[in-house]
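J.: Going down the list, the sequences are from chains A and B. Counting from 0, one number per residue, gives the positions in the first sequence under numbering that gives the first Met the number 0. Counting from 0, one number per residue, gives the positions in the second sequence under numbering that gives the first Met the number 0.
Keep in mind that the hints were calculated from the coordinates and are not lab data. Computed from a predicted structure; not experimentally measured. Don't be surprised by glycine CBs; every beta carbon is placed ideally from N, CA and C. Wrong hints could be hidden among the right ones.
Which residues of chain A face chain B? A few of them, derived with a C-beta cut under 8 Å, are [stated by the list, open to error]:
1. 29
2. 31
3. 188
4. 191
5. 404
6. 419
7. 448
8. 451
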Amino acid sequence: MSGAVQRVVVHGGGIAAPMAALAIARAYARLGVEVAWADTGEAPAPHSALVAPSDLATFHRLLGIDDKALTANAAATLNMGQQFAGWSGGDSAFLHAYGDAGSAYADLPFVQHWSRARAAGLRVALEDFSLAAAAAKEGRTGAPDKPATRQAVKAGWHLDAAGYAALLRTGCESSGVRIVAAASATPQIANGRIAALDIDGETLSADLFVDTDGKLVDALDPSAVTPGRPWRDRLLRASAPPFGPLPLYSRVAAHAAGWLTLVPLADRTALEFHYDSRHLADADAPAMLAALTGQKLEAVLEPVAATARARLWTGNAIALGRAAGSAPPLDSAELLLLQLSIAQLVLLWPLAAADMPEADIYNEEVGGTWSRVRDFTAQHFRLNTRSEPFWADARAAPVSPELAAKIDLFAARGLFAHFNHEAHVEDGWALVMAGHGIVPRGFDPQALRVEDQALMAEFQRQLRAVATDVRAMESHADALGRLRA
Amino acid sequence: MEGEPFNLVIVGGGTAGWMCAAACAAKLDPALYRVRLIESEEIGTVGVGEATLPQMKDFNDFLGLDEVEFMQATQASFKLGIEFVNWGRQGDRYVHPFGTFGRPIGEGDFFSYWVRAHNAGQAAPLFDYCFPIVAALQNRFMLPNGDKNDVRNAFAYAYHLDAFLYARYLRRWAEARGIARVEGRIVDVERDGRSGKVAAVTLASGTKVAGDMFVDCSGFRSLLLGGTLGVELEDWSRWLPCDSAQAVPSVRSPDFTPYTRSTRRPAGWQWRIPLQHRTGNGYVYSSADISDDEAAATLLANLDGEALAEPRVLRFKAGKREQAWAQNVVGMGLAGGFLEPLESTSIYLVQMAIMHMLTLLPPGADIDPALPAEFNRVMDVEYDRIRDFLILHYIANDADAPLWERVTTMDVPDSLAGKIDRFRHRAHVQAYRDGLFGPPSWQAVFVGQGVVPHAADRLADMLPGDQLAERLAGLHATIARGAASAPLHADFVAHYCPAPAP
Chain A
0 MSGAVQRVVV HGGGIAAPMA ALAIARAYAR LGVEVAWADT GEAPAPHSAL
50 VAPSDLATFH RLLGIDDKAL TANAAATLNM GQQFAGWSGG DSAFLHAYGD
100 AGSAYADLPF VQHWSRARAA GLRVALEDFS LAAAAAKEGR TGAPDKPATR
150 QAVKAGWHLD AAGYAALLRT GCESSGVRIV AAASATPQIA NGRIAALDID
200 GETLSADLFV DTDGKLVDAL DPSAVTPGRP WRDRLLRASA PPFGPLPLYS
250 RVAAHAAGWL TLVPLADRTA LEFHYDSRHL ADADAPAMLA ALTGQKLEAV
300 LEPVAATARA RLWTGNAIAL GRAAGSAPPL DSAELLLLQL SIAQLVLLWP
350 LAAADMPEAD IYNEEVGGTW SRVRDFTAQH FRLNTRSEPF WADARAAPVS
400 PELAAKIDLF AARGLFAHFN HEAHVEDGWA LVMAGHGIVP RGFDPQALRV
450 EDQALMAEFQ RQLRAVATDV RAMESHADAL GRLRA
Chain B
0 MEGEPFNLVI VGGGTAGWMC AAACAAKLDP ALYRVRLIES EEIGTVGVGE
50 ATLPQMKDFN DFLGLDEVEF MQATQASFKL GIEFVNWGRQ GDRYVHPFGT
100 FGRPIGEGDF FSYWVRAHNA GQAAPLFDYC FPIVAALQNR FMLPNGDKND
150 VRNAFAYAYH LDAFLYARYL RRWAEARGIA RVEGRIVDVE RDGRSGKVAA
200 VTLASGTKVA GDMFVDCSGF RSLLLGGTLG VELEDWSRWL PCDSAQAVPS
250 VRSPDFTPYT RSTRRPAGWQ WRIPLQHRTG NGYVYSSADI SDDEAAATLL
300 ANLDGEALAE PRVLRFKAGK REQAWAQNVV GMGLAGGFLE PLESTSIYLV
350 QMAIMHMLTL LPPGADIDPA LPAEFNRVMD VEYDRIRDFL ILHYIANDAD
400 APLWERVTTM DVPDSLAGKI DRFRHRAHVQ AYRDGLFGPP SWQAVFVGQG
450 VVPHAADRLA DMLPGDQLAE RLAGLHATIA RGAASAPLHA DFVAHYCPAP
500 AP
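Hey, can you work out the whole structure from these sequences and the hints?
T.: Below is the structure:
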């Protein structure tokens with residue numbers, strides 16, 4: 000194809016740059032596309048870990064990364080959900096598990112029957128009807144052959160960020176990506192496009208630029224960056240000894256001025272202590288972390304700010320990862336957005352180097368995805384019921400009209416207001432909103448066709464089916480052993 | 000839920016009213032929901048021959064209707080798609096199917112492979128890679144055969160039916176299940192002084208019927224929603240200028256097509272809907288471009304059987320009510336909006352309104368504002384998407400008459416602008432989960448009306464050209480063989496669901 004995109008430069012480091020370079024090379028080297036990675040040398044923060052969504056398994060096939068490599072190089076453990084503790088004060092906890100929230104019954108979603116029964120006095124939590132949630136809490140994973148619940152169970156990963164970055168780099172090396180050290184690079188800009196990148200003693204020209212660092216897209220389109228909502232302004236990272244046995248979920252525990260995330264890895268537990276310096280002095284933070292964990296840990300402080308970018312693809316340059324904006328700090332948002340953005344780029348690969356109308360389509364699709372993913376995290380803050388000033392502020396923060404509609408509708412009827420570009424499934428939203436304490440005020444009147452006694456019998460049947468299926472699943476250790484082999 | 004049952008009153012007994020009543024009979028507990036339908040034998044229904052979408056089968060299944068009984072009761076035939084004649088250019092024809100094109104080939108989607116092969120001169124017409132189209136154009140029909148590896152399974156089907164008979168059939172069905180029918184013409188509407196809600200309607204007999212909620216199925220009059228509550232029609236006639244139609248039945252033709260036909264004419268378009276006992280015909284036109292008499296003459300000159308009546312004139316305006324649910328009134332069918340039947344969406348829109356209303360029905364007289372908000376949001380999405388898809392049919396044509404000069408140069412809604420350029424550039428069609436229409440529908444209309452992409456997704460460029468040509472040729476042959484194995488539509492209907500002579 001004449002005038003096709005032949006040369007691509009990916010500029011940046013961390014996870015995003017090698018992931019983009021690898022995906023592009025794996026998809027398009029066969030069409031003669033040459034990929035160079037201008038490596039800024041940015042490494043994942045010390046102690047950092049990644050919470051990878053279940054969809055990443057499919058994405059890894061594009062990247063050519065298998066389960067064995069993840070367990071061998073990135074201290075991987077399986078991720079069946081994220082637990083939220085103390086968001087309503089006290090020790091209350093719920094699990095956002097990656098699977099169904101109960102089994103559909105009498106042609107209606109399970110949530111409708113649950114809402115009806117709650118109104119009639121049932122005390123059982125929605126997640127108790129979820130096979131994925133029950134299995135994760137029991138330390139069981141995998142998929143039973145013929146589940147009595149007929150429910151889906153999905154798993155993603157917990158990954159050591161540095162190990163994962165190294166794995167992506169190895170992938171780039173063996174997939175023909177040319178890696179160029181580029182601690183400082185200067186873009187040559189002409190006619191609203193990037194023509195080339197000047198690096199010490201070399202000029203890298205390309206048809207398409209992917210920037211995960213921000214320097215290129217900032218130079219090209221400086222007005223597109225606006226402040227985002229960081230939710231907190233400080234992050235302490237640390238590591239603790241691994242849990243035994245290894246949990247199948249990460250834990251996000253609210254504290255007076257932020258939250259503590261624990262990510263279980265095979266060889267350590269990664270800790271992220273998020274707090275807001277207006278509500279907790281930097282000098283006091285390490286002591287609070289020690290009090291919460293019962294351990295004295297070496298922690299590294301990172302200030303946190305947030306940005307958002309209006310146009311992700313301008314001219315011939317695409318902002319990805321950090322350059323595209325600050326991913327929400329929960330719900331596997333960072334990898335989810337990265338993966339969906341790269342997949343969209345691969346699908347919408349521009350046909351011509353000279354003019355890229357794909358940019359508008361990409362900006363609509365991926366911009367929409369960002370909005371919906373931000374909503375998912377914003378719901379936690381909106382729905383918290385803690386009394387401290389940090390949490391009262393978080394609760395009062397404005398939300399998008401779409402999120403407001405979702406919360407209103409779920410609270411009114413246990414239903415899900417579906418918009419374009421949703422990145423999380425309905426039952427995920429239901430588990431989280433119910434977990435945060437919303438009991439729908441009403442329910443679909445079609446549920447009333449089921450007699451009370453029949454419904455109670457069905458609930459008992461489902462709880463038994465969940466228990467049966469959980470027993471048929473394998474332990475986390477067995478699953479990891481099988482994946483390592 | 001304590002005490003008195005919730006009082007639901009359906010106003011109007013056409014297709015919309017009885018579909019709604021039947022759904023209530025099937026899905027609401029009669030001890031908790033009292034449902035009545037008011038209709039007057041003095042007021043006729045619009046009830047022309049109707050073409051539907053595959054979702055109608057879902058609705059009938061939802062009620063638990065028996066397909067054969069339903070088809071016999073409504074003189075129904077099967078429908079695999081719509082044939083568009085003279086759209087694009089005079090003499091052109093294409094079918095918009097209920098199914099996808101082709102089968103998975105590799106990393107790209109089938110349509111991208113077709114575009115690539117087509118532009119290389121190595122593909123048959125797109126429509127030859129679609130089993131229901133190939134079968135339909137031979138007047139053949141079969142039910143999907145259940146084998147997911149067989150091309151003869153990858154489609155859905157709909158019905159052509161007599162909408163008047165469908166309403167009558169549903170009336171019997173709903174009345175047998177406890178829905179009360181109230182005969183009478185509404186002469187007055189009473190509103191609650193404080194809330195402004197509709198409290199009751201008064202019949203000519205003086206009888207007052209009170210309700211907690213009213214479903215307005217009164218047709219174009221929109222008696223409660225538009226009339227009493229004053230909810231305005233959002234006027235879309237600047238994009239969809241046809242404002243009249245004439246309908247006439249004709250004697251059943253030997254050409255018993257398992258598809259609807261839409262033929263573009265100088266001032267609009269003509270429909271043809273084959274039923275078992277007759278053929279339904281109509282001319283949808285812009286009254287600014289043709290007189291009623293000329294339109295009637297055009298219609299009568301273009302029938303393939305003897306006319307069985309004088310043409311009846313209908314007037315309308317394209318648009319939808321600004322809110323489909325306001326206060327305690329939900330508008331459905333023509334009372335909620337009107338979109339010309341170019342894509343057979345009328346019954347579908349009623350069905351969607353019913354399904355969403357059932358799910359969102361309040362438990363008592365107090366209405367949680369989140370419920371109408373969601374209803375109106377999803378119905379707006381449905382209407383807007385159908386509107387844009389209809390406009391697409393209008394804009395991609397030769398400007399061969401004044402109407403067509405205007406519509407091919409008009410400004411289109413923002414939501415449609417850009418879609419055409421994107422399709423031309425790289426066959427891009429946005430996919431969404433809810434609502435009509437999916438990518439295959441857009442592909443059919445674009446390609447059918449002469450908008451062929453310059454290129455497609457590059458993921459489809461990996462497969463070597465000779466392998467692609469071989470796959471396409473194989474698929475083409477498989478579909479042709481499959482279609483030839485299906486029985487004739489006329490024979491299938493005569494065997495499966497023969498209706499008694501009316």
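J.: It remains to establish, for every hint, whether it holds in the given structure.
T.: Now the hints, each set against the structure:
The restraint placing residue 29 of chain A at the interface with chain B holds, with a minimum CB-CB distance near 6 Å, inside the 8 Å limit. Interface hint at residue 31 of chain A: violated, since its Cβ lies 10 Å from the closest Cβ of chain B, which is beyond the 8 Å cut-off. Contact between residue 188 of chain A and chain B, as hinted, is not supported at the beta carbon level, the nearest pair being about 25 Å apart and thus beyond 8 Å. Using the Cβ-Cβ criterion of 8 Å, the hint placing residue 191 of chain A at the interface with chain B is not satisfied: the shortest such distance is roughly 19 Å.
Because the closest C-beta pair between residue 404 of chain A and chain B is about 7 Å apart, less than 8 Å, the hint holds. Nearest Cβ of chain B to the Cβ of residue 419 of chain A: about 6 Å, under the 8 Å cut. The hint holds. For residue 448 of chain A, the shortest C-beta to C-beta distance to chain B is roughly 6 Å, which falls under 8 Å, so the interface hint holds. Among the interface hints, the one on residue 451 of chain A is violated; its C-beta lies about 12 Å from the nearest C-beta in chain B, farther than the 8 Å criterion.
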